[in-house]
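In order, the protein sequence lines correspond to chains D, Y, G and Z.
FYI, the numbering for the first sequence is 1 to 253, going by my numbering.
FYI, the numbering for the second sequence is 1 to 253, going by my numbering.
FYI, the numbering for the third sequence is 1 to 311, going by my numbering.
FYI, the numbering for the fourth sequence is 1 to 311, going by my numbering.
Hints are supplied without guarantee of correctness; some may be wrong.
[Unchecked claim] Label pairs and their in silico Cβ distance ranges:
#1 196/Y <-> 243/G: 55 to 63 Å
#2 30/D <-> 5/G: 43 to 51 Å
#3 231/Y <-> 284/G: 18 to 26 Å
#4 277/Z <-> 297/G: 26 to 34 Å
[Stated by the list, open to error] Calculated cross-link-like contacts (lysine to aspartate or glutamate; reagent style DMTMM-like; alpha-carbon spacing at most 20 Å):
#5 188/D <-> 231/D
#6 199/Y <-> 227/Y
#7 218/Z <-> 46/D
#8 218/G <-> 46/Y
Honestly, the hints are just simulated from the structure, not real lab data.
Glycine included, C-beta positions come from ideal geometry on N, C-alpha and C.
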Amino acid sequence: MSDMQAYQRYFISTSQPKNYRTRSLVLDRPLAEAQPGQFVMIWLPDVGEKPFSIANADPLTAAIAAVGPFSEALCALEPGQPLWVRGPLGQGFELKGKKHLLVGGGYGAAPLYFLAKQARARGEEVCVCLGARNQAELLLAEDFREIGCRVEAATEDGSAGQRGLVLEAVRAALVDFPAQTLYACGPKPMLLALAAFCKDNRLAGQFSWEAMMRCGIGLCGSCEIDEPTCDAVGLPHGWLTCKDGPVSFYQPA
Amino acid sequence: MSDMQAYQRYFISTSQPKNYRTRSLVLDRPLAEAQPGQFVMIWLPDVGEKPFSIANADPLTAAIAAVGPFSEALCALEPGQPLWVRGPLGQGFELKGKKHLLVGGGYGAAPLYFLAKQARARGEEVCVCLGARNQAELLLAEDFREIGCRVEAATEDGSAGQRGLVLEAVRAALVDFPAQTLYACGPKPMLLALAAFCKDNRLAGQFSWEAMMRCGIGLCGSCEIDEPTCDAVGLPHGWLTCKDGPVSFYQPA
Amino acid sequence: MNKVSVDLTCELAGVRMHNPLVLASGVLGTSAALLERVGACGAGAVTSKSCGPEERAGHPNPIAVEWAGGVINAVGLTNPGLEAEIPTLIDARERLHAQGIPLIASIFAPTVEDFGRMAAGVSAAEPDLIEVNISCPNVGDEFGTPFSGSVESAAAVTRMVRAKTKLPIAIKLAPNVPNIARIALAAQEEGADAITAINTVPGMLIDPYAGRPVLSNKVGGVSGWSIKPIALRCVAEISRTVSIPVIGLGGVSNGLDAVEMIMAGATAVGVGSAVWQRGVDVFAVIAEEMYEFMAGEGYPDLASMRGIAIR
Amino acid sequence: MNKVSVDLTCELAGVRMHNPLVLASGVLGTSAALLERVGACGAGAVTSKSCGPEERAGHPNPIAVEWAGGVINAVGLTNPGLEAEIPTLIDARERLHAQGIPLIASIFAPTVEDFGRMAAGVSAAEPDLIEVNISCPNVGDEFGTPFSGSVESAAAVTRMVRAKTKLPIAIKLAPNVPNIARIALAAQEEGADAITAINTVPGMLIDPYAGRPVLSNKVGGVSGWSIKPIALRCVAEISRTVSIPVIGLGGVSNGLDAVEMIMAGATAVGVGSAVWQRGVDVFAVIAEEMYEFMAGEGYPDLASMRGIAIR
Ligand SMILES: Cc1cc2nc3c(=O)[nH]c(=O)nc-3n(C[C@H](O)[C@H](O)[C@H](O)COP(=O)(O)OP(=O)(O)OC[C@H]3O[C@@H](n4cnc5c(N)ncnc54)[C@H](O)[C@@H]3O)c2cc1C
Ligand SMILES: Cc1cc2nc3c(=O)[nH]c(=O)nc-3n(C[C@H](O)[C@H](O)[C@H](O)COP(=O)(O)OP(=O)(O)OC[C@H]3O[C@@H](n4cnc5c(N)ncnc54)[C@H](O)[C@@H]3O)c2cc1C
Ligand SMILES: Cc1cc2nc3c(=O)[nH]c(=O)nc-3n(C[C@H](O)[C@H](O)[C@H](O)COP(=O)(O)O)c2cc1C
Ligand SMILES: Cc1cc2nc3c(=O)[nH]c(=O)nc-3n(C[C@H](O)[C@H](O)[C@H](O)COP(=O)(O)O)c2cc1C
Ligand code: FES
Ligand code: FES
Numbered sequence: 001m002s003d004m005q006a007y008q009r010y011f012i013s014t015s016q017p018k019n020y021r022t023r024s025l026v027l028d029r030p031l032a033e034a035q036p037g038q039f040v041m042i043w044l045p046d047v048g049e050k051p052f053s054i055a056n057a058d059p060l061t062a063a064i065a066a067v068g069p070f071s072e073a074l075c076a077l078e079p080g081q082p083l084w085v086r087g088p089l090g091q092g093f094e095l096k097g098k099k100h101l102l103v104g105g106g107y108g109a110a111p112l113y114f115l116a117k118q119a120r121a122r123g124e125e126v127c128v129c130l131g132a133r134n135q136a137e138l139l140l141a142e143d144f145r146e147i148g149c150r151v152e153a154a155t156e157d158g159s160a161g162q163r164g165l166v167l168e169a170v171r172a173a174l175v176d177f178p179a180q181t182l183y184a185c186g187p188k189p190m191l192l193a194l195a196a197f198c199k200d201n202r203l204a205g206q207f208s209w210e211a212m213m214r215c216g217i218g219l220c221g222s223c224e225i226d227e228p229t230c231d232a233v234g235l236p237h238g239w240l241t242c243k244d245g246p247v248s249f250y251q252p253a
Numbered sequence: 001m002s003d004m005q006a007y008q009r010y011f012i013s014t015s016q017p018k019n020y021r022t023r024s025l026v027l028d029r030p031l032a033e034a035q036p037g038q039f040v041m042i043w044l045p046d047v048g049e050k051p052f053s054i055a056n057a058d059p060l061t062a063a064i065a066a067v068g069p070f071s072e073a074l075c076a077l078e079p080g081q082p083l084w085v086r087g088p089l090g091q092g093f094e095l096k097g098k099k100h101l102l103v104g105g106g107y108g109a110a111p112l113y114f115l116a117k118q119a120r121a122r123g124e125e126v127c128v129c130l131g132a133r134n135q136a137e138l139l140l141a142e143d144f145r146e147i148g149c150r151v152e153a154a155t156e157d158g159s160a161g162q163r164g165l166v167l168e169a170v171r172a173a174l175v176d177f178p179a180q181t182l183y184a185c186g187p188k189p190m191l192l193a194l195a196a197f198c199k200d201n202r203l204a205g206q207f208s209w210e211a212m213m214r215c216g217i218g219l220c221g222s223c224e225i226d227e228p229t230c231d232a233v234g235l236p237h238g239w240l241t242c243k244d245g246p247v248s249f250y251q252p253a
Numbered sequence: 001m002n003k004v005s006v007d008l009t010c011e012l013a014g015v016r017m018h019n020p021l022v023l024a025s026g027v028l029g030t031s032a033a034l035l036e037r038v039g040a041c042g043a044g045a046v047t048s049k050s051c052g053p054e055e056r057a058g059h060p061n062p063i064a065v066e067w068a069g070g071v072i073n074a075v076g077l078t079n080p081g082l083e084a085e086i087p088t089l090i091d092a093r094e095r096l097h098a099q100g101i102p103l104i105a106s107i108f109a110p111t112v113e114d115f116g117r118m119a120a121g122v123s124a125a126e127p128d129l130i131e132v133n134i135s136c137p138n139v140g141d142e143f144g145t146p147f148s149g150s151v152e153s154a155a156a157v158t159r160m161v162r163a164k165t166k167l168p169i170a171i172k173l174a175p176n177v178p179n180i181a182r183i184a185l186a187a188q189e190e191g192a193d194a195i196t197a198i199n200t201v202p203g204m205l206i207d208p209y210a211g212r213p214v215l216s217n218k219v220g221g222v223s224g225w226s227i228k229p230i231a232l233r234c235v236a237e238i239s240r241t242v243s244i245p246v247i248g249l250g251g252v253s254n255g256l257d258a259v260e261m262i263m264a265g266a267t268a269v270g271v272g273s274a275v276w277q278r279g280v281d282v283f284a285v286i287a288e289e290m291y292e293f294m295a296g297e298g299y300p301d302l303a304s305m306r307g308i309a310i311r
Numbered sequence: 001m002n003k004v005s006v007d008l009t010c011e012l013a014g015v016r017m018h019n020p021l022v023l024a025s026g027v028l029g030t031s032a033a034l035l036e037r038v039g040a041c042g043a044g045a046v047t048s049k050s051c052g053p054e055e056r057a058g059h060p061n062p063i064a065v066e067w068a069g070g071v072i073n074a075v076g077l078t079n080p081g082l083e084a085e086i087p088t089l090i091d092a093r094e095r096l097h098a099q100g101i102p103l104i105a106s107i108f109a110p111t112v113e114d115f116g117r118m119a120a121g122v123s124a125a126e127p128d129l130i131e132v133n134i135s136c137p138n139v140g141d142e143f144g145t146p147f148s149g150s151v152e153s154a155a156a157v158t159r160m161v162r163a164k165t166k167l168p169i170a171i172k173l174a175p176n177v178p179n180i181a182r183i184a185l186a187a188q189e190e191g192a193d194a195i196t197a198i199n200t201v202p203g204m205l206i207d208p209y210a211g212r213p214v215l216s217n218k219v220g221g222v223s224g225w226s227i228k229p230i231a232l233r234c235v236a237e238i239s240r241t242v243s244i245p246v247i248g249l250g251g252v253s254n255g256l257d258a259v260e261m262i263m264a265g266a267t268a269v270g271v272g273s274a275v276w277q278r279g280v281d282v283f284a285v286i287a288e289e290m291y292e293f294m295a296g297e298g299y300p301d302l303a304s305m306r307g308i309a310i311r
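Starting from the given sequences, assemble the full structure and let the hints guide the process.
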């Protein structure tokens with residue numbers, strides 16, 4: 001009967017603080033067939049609905065930064081309370097090669113954690129570069145270490161890892177971590193810089209983009225990436241974040 | 001895509017005369033999951049739609065007696081011409097025991113042939129009693145013999161087999177063929193007589209009924225067996241030939 | 001979530017039912033035996049097949065087929081005519097009342113006057129409620145629009161039927177109107193005791209290989225699970241507008257569907273095509289599924305769920 | 001059956017298309033880049049998202065979800081307003097014409113007068129055809145009935161639009177009326193060059209566990225494969241009644257569906273929700289499926305199939 005329902009109801013198992021404003025919501029059961037980089041739409045009746053990356057599929061987990069009304073409502077949920085999920089949606093990451101460089105900005109660390117787990121389960125090497133404004137903003141660094149990833153942090157104020165942008169950490173990591181593919185999720189300026197870096201360095205890249213999502217299923221057009229951005233990173237015009245993405249693929253010629 | 005269609009189109013492979021007015025229509029491919037005793041609705045666009053027993057499932061075959069406009073239209077079809085089928089529909093026979101007595105009147109032989117093939121494939125013994133007005137009306141006797149069934153015929157005029165009703169042939173057969181179950185398909189008076197016979201002789205019986213079918217899927221009510229008939233053979237009131245049947249089951253207490 | 005004890009009973013226009021599930025008109029309601037059987041299979045009430053003034057054979061086959069979204073039918077209002085119907089209704093009522101199950105008698109007619117005649121006629125059989133089917137296509141005004149297609153004609157039929165019977169009446173509406181709530185309101189104003197919504201959604205299936213419509217009548221009515229969202233919307237709009245109870249139906253196949261109908265404001269829930277999908281026993285099965293849902297979610301009775309989705 | 005060579009071209013109100021498949025309004029028609037992309041994916045023509053006089057943000061999420069029968073949406077007519085739309089349409093037309101693909105500009109408005117203003121306004125962008133969406137719920141007369149809900153209001157909008165543009169116009173109709181052919185006829189009489197049918201079917205999904213409608217707007221429009229029989233019936237009724245061409249849409253997901261629309265009398269076939277189901281490439285895929293069917297069944301061109309199911 002439940003396949004007749006647009007949404008699946010989940011319950012919060014635990015809600016763990018991950019930094020001063022981000023919580024990891026661990027739900028009561030798995031989401032079938034979810035891949036790292038895919039997302040779900042989370043609905044709170046009478047509140048709203050927004051997209052969130054899948055930070056773990058079994059049990060379904062999301063890392064939510066409380067930055068506005070909807071994310072605050074999610075972070076206020078207590079164990080046992082319900083939320084509604086549709087998905088998994090979109091095109092996720094695809095592990096390529098055996099040495100993986102993951103680059104996260106802000107809650108971009110969330111889908112990368114799921115990806116790192118998958119790579120580690122295959123016995124492959126993972127190095128994670130995390131960027132943030134300061135130490136308080138850093139996300140999931142401990143979680144990555146726990147599953148055997150090398151972690152390099154970069155903060156704008158130098159309060160954790162090296163001072164500067166995450167791109168500096170990437171350059172540094174690559175010196176002794178000859179990655180075959182770079183996987184990135186984070187703010188658009190970071191992705192643009194990394195896309196340029198991959199092109200310059202002939203490194204395969206997978207980038208997870210953000211956009212204003214409405215339908216989430218490739219109909220309404222609201223998540224289209226603008227043409228200048230498409231041109232900058234080599235995407236075809238009219239690229240839809242919810243359906244063609246959120247992950248885009250760059251392969252050096 | 002084709003599961004969106006209400007009907008499946010088949011083509012006539014061969015149309016073989018079986019007696020002076022009955023043809024066996026062999027179609028171009030199988031009907032999946034069909035059981036002996038089940039039926040299909042055959043549709044000829046702009047002509048009509050009627051129920052027919054499945055005489056063989058692989059390839060789908062029906063034995064059609066040309067008795068009126070629709071059955072004549074079917075019998076006039078030539079190899080390569082199309083017809084439309086929905087089904088299999090209804091509750092078919094279920095082989096019980098290892099010695100099977102099949103009793104057919106008229107085109108009632110059709111579903112029994114399919115049943116006999118199934119029983120023979122299991123290496124079980126089959127005796128078929130066929131009733132008809134005269135030799136010309138006898139159906140499929142040769143076909144039953146070919147697959148290794150014992151065949152006893154009864155005709156009203158004695159032109160084939162013993163003279164009399166099929167019930168006489170049944171009595172005779174049972175003398176040296178100790179069947180565990182009787183399976184019957186044919187005109188209502190024959191079924192009523194056989195049902196009474198089974199009751200009197202404490203023999204398990206399966207009877208395939210006919211009725212005016214419209215929807216064929218248990219909605220319209222037109223194939224209901226009348227209450228006196230139900231009472232006579234021990235069926236619950238409101239018994240639907242298309243859905244509860246066409247096969248009814250009698251088990252001596 | 002604590003399991004609670006659940007009460008599935010309801011009352012509709014003075015008619016008490018042990019659960020809210022009503023056999024929809026036209027499905028297995030053609031004889032006393034079938035109506036009795038559906039009652040024994042767990043329905044809270046049963047509706048007879050719509051009957052008109054004269055006997056009708058209906059359309060030739062094909063009259064109903066299943067497709068991926070449910071069923072489409074154009075039976076053509078096969079019925080024995082008023083005179084033959086009355087003893088059947090009396091027989092059915094007696095058998096059903098012995099089980100404690102109410103009988104709803106469905107009527108249709110080609111003219112407003114004939115609706116009056118039908119209402120007076122079937123009243124003689126004393127069914128618990130008369131359902132007035134003003135939503136069958138192929139009868140109605142001179143353009144082929146059913147009476148439920150306009151406020152004026154719906155009101156005219158209701159007024160006439162109201163004048164001819166003292167029994168409670170439910171007016172059955174079609175979904176293919178721009179504003180179904182206005183029509184329901186007109187029926188209420190003319191004295192209807194309940195609204196039944198929805199009848200089938202007019203549709204057509206074409207077999208591309210045949211190049212022909214599948215039904216002999218070409219056009220038919222779509223029913224079954226795929227019309228549920230249309231039915232829920234109609235029931236919600238009607239429930240927000242009228243104060244009389246609504247029998248909500250269209251695509252109800254399981255307990256959750258029935259719950260959704262109640263949440264949209266329905267008092268009772270009709271079940272038709274699901275009989276094809278899940279068998280005649282579907283009534284007891286759906287009632288059990290409703291019970292499970294309500295016990296699990298903490299709804300003690302139907303009133304506690306009714307209309308919560310439209311508030 | 002001999003394989004024949006198949007011609008999929010068609011002409012609609014003077015607009016030539018390399019195949020009959022039209023991107024439905026509201027699906028991916030929000031930017032020049034997306035319209036161009038759909039053209040490159042094999043559509044015969046593309047329709048822009050309906051635009052109104054003023055910018056509208058639309059409804060808050062959820063605005064569209066999939067369910068077992070397809071999709072339900074209440075986007076809320078998100079659009080940039082007439083002024084911002086014109087350069088987008090010009091840009092889109094130039095890119096599409098470079099591919100040889102016509103552009104249909106869809107408009108809606110809250111009043112008859114505004115429809116006139118919109119028609120005159122988008123005409124400046126010189127689209128190949130203007131589609132007049134009189135079938136969106138939540139705009140229309142004082143009862144919330146869309147303009148397509150009555151012969152009078154449909155005629156009034158058509159008359160106004162006809163007076164304000166020399167471009168060909170198609171009037172887009174809603175299925176939830178008792179007699180869609182009468183409304184189509186009224187549009188033809190007021191000068192419409194084509195009819196588009198159908199818009200989504202008004203519906204509601206309720207989540208029983210939430211006890212709430214799923215869409216923030218509560219009511220939405222059902223689209224996708226489950227509405228196909230409703231759409232086929234509407235297209236058949238309209239085609240039997242009017243002489244102008246029909247863009248048939250509603251639930252077309254594959255080549256057989258498109259063939260059925262043509263057999264019901266459509267000249268062109270709209271595709272909307274199938275983009276969700278089968279991706280943007282669905283246009284080329286459906287065209288190929290139509291080709292296969294027609295070659296296998298011996299139909300040399302669309303005219304040889306058109307309307308055969310309603311004769
Ligand atoms: C594919 C995809 C995946 C996403 N995954 C996640 C995820 O895993 N975790 C998560 O927390 N969010 C994620 N988001 C963002 C999320 O959908 C919401 O946009 C976010 O929760 C803010 O919504 P809100 O209603 O709370 O605040 P809003 O009112 O929408 O935003 C409040 C303010 O915060 C700003 N803002 C929005 N998002 C962020 C942010 N992430 N960091 C800093 N400022 C922000 C807005 O620009 C605005 O000024 C994802 C978005 C997309 C498209
Ligand atoms: C479950 C079921 C299975 C059936 N299986 C078969 C089958 O395998 N083969 C088959 O030929 N028919 C079968 N029938 C009967 C079939 O559906 C039609 O009723 C039959 O073909 C006559 O249809 P018609 O339109 O040609 O003639 P009609 O105009 O309906 O009938 C013409 C005349 O023939 C009489 N008649 C109808 N059927 C028979 C008959 N079988 N023998 C003698 N007279 C008859 C009618 O009473 C009428 O007087 C089955 C019916 C049912 C309900
Ligand atoms: C085969 C069939 C026959 C029907 N006949 C009638 C009828 O005679 N009178 C009536 O009011 N509704 C009739 N209906 C409509 C149903 O009562 C019901 O309104 C519709 O099927 C929607 O419910 P469902 O989706 O549960 O089937 C019929 C429906 C079917 C499927
Ligand atoms: C997300 C979405 C948005 C839509 N927006 C519009 C619109 O703005 N204008 C319009 O005329 N129709 C709109 N429609 C209706 C479609 O154009 C089409 O008529 C309907 O979806 C039926 O076709 P389909 O089943 O192929 O989707 C929209 C449909 C969907 C699914
Ligand atoms: S969110 Fe609607 S197309 Fe991507
Ligand atoms: S033929 Fe309709 S119920 Fe059996």
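Now the hints, each set against the structure:
1. Judged by the Cβ atoms, the range 55 to 63 Å given for residue 196/Y and residue 243/G holds: they are separated by roughly 59 Å.
2. Between residue 30/D and residue 5/G, the C-beta spacing of about 33 Å breaks the proposed range 43 to 51 Å.
3. In this structure, residue 231/Y and residue 284/G meet the distance hint of 18 to 26 Å, their C-beta atoms being roughly 25 Å apart.
4. Between residue 277/Z and residue 297/G the C-beta distance comes to about 32 Å, which sits within the given range of 26 to 34 Å.
5. For the proposed pair residue 188/D and residue 231/D, the alpha carbon gap of about 14 Å is at most 20 Å, so the pair holds.
6. Note on residue 199/Y and residue 227/Y: the hinted pairing holds, with a Cα-Cα distance of about 19 Å set against a maximum of 20 Å.
7. The straight-line distance between the Cα atoms of residue 218/Z and residue 46/D is roughly 10 Å, inside the 20 Å bound, and the hint therefore holds.
8. Under the criterion of a C-alpha separation no larger than 20 Å, the hint pairing residue 218/G with residue 46/Y is consistent with the structure, at around 10 Å.
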